[in-house]
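Asks: With the first letter of the sequence shown counted as 1, position 50 gets the number 50 in this note's numbering; the numbers rise by one all the way through.
These are computed hints drawn from the structure, not numbers from a lab.
Watch out, some of these pointers could steer you wrong.
Ranges of calculated distance between the beta carbons of each label pair, as one might list FRET restraints [what the hints assert, rightly or not]:
1. G104 to A57: 33 to 43 Å
2. F101 to G61: 25 to 35 Å
3. K105 to V69: 39 to 49 Å
4. L113 to S9: 49 to 59 Å
5. Y115 to S46: 21 to 31 Å
Computed from a predicted model, the values in this text were never measured in an experiment.
Idealized CB from N, CA, C, for every residue including glycine.
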Amino acid sequence: MDYDRPEISKSAIKEAELEMERLDIESGQVEIHADKYSTVKRGLKSRHIQFIAIGFAVFFGEFNGANFVAAYIGLLIYFVSMARWWVWKRSGLVPYAEMDFVTGKAEIDAEELDYR
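Based on the sequences and whatever the hints tell you, model everything.
Replies: Following this line, the structure appears as structure tokens:
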């Protein structure tokens with residue numbers, strides 16, 4: 001099968017490499033410059049990297065709307081499904097302070113030891 005893939009120029013690759021150098025992925029920090037006088041530091045999480053990487057190749061070469069939709073339709077389906085669930089169940093996000101991370105932890109730890 002022959003796929004119609006756009007050629008990626010060396011300048012586009014170099015530009016992407018420079019962009020990735022600006023992002024300090026290992027420490028999870030990225031600097032966001034709103035203007036030349038202010039800098040905001042925010043954590044770059046793995047979900048942000050995944051979101052960027054999903055359709056990264058779509059933006060190189062000639063832009064094709066069909067490829068863009070194919071790359072990002074999953075995100076639309078996910079967010080629409082989550083919104084429907086929240087409306088249907090009338091539930092919101094649980095605050096971190098109210099989450100229970102202790103109940104059942106001993107059983108999970110025991111199972112993990114069995115698989116090692």
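Asks: Hint by hint, say whether it matches the structure.
Replies: Okay, the hints, checked on the actual structure:
Checking the proposed 33 to 43 Å range against G104 and A57 shows it holds: the Cβ atoms sit about 42 Å from each other. Checking the proposed 25 to 35 Å range against F101 and G61 shows it is violated: the Cβ atoms sit about 46 Å from each other. In this structure the supplied range 39 to 49 Å holds for K105 paired with V69, their Cβ-Cβ distance being about 42 Å. For the pair L113 and S9, the beta carbons lie near 52 Å from each other, so the given range of 49 to 59 Å is met.
The supplied range of 21 to 31 Å is met by Y115 and S46, whose beta-carbon atoms lie about 23 Å from each other.
Hint 2 from the earlier list is the only one contradicted by this structure; the remaining hints agree with it.
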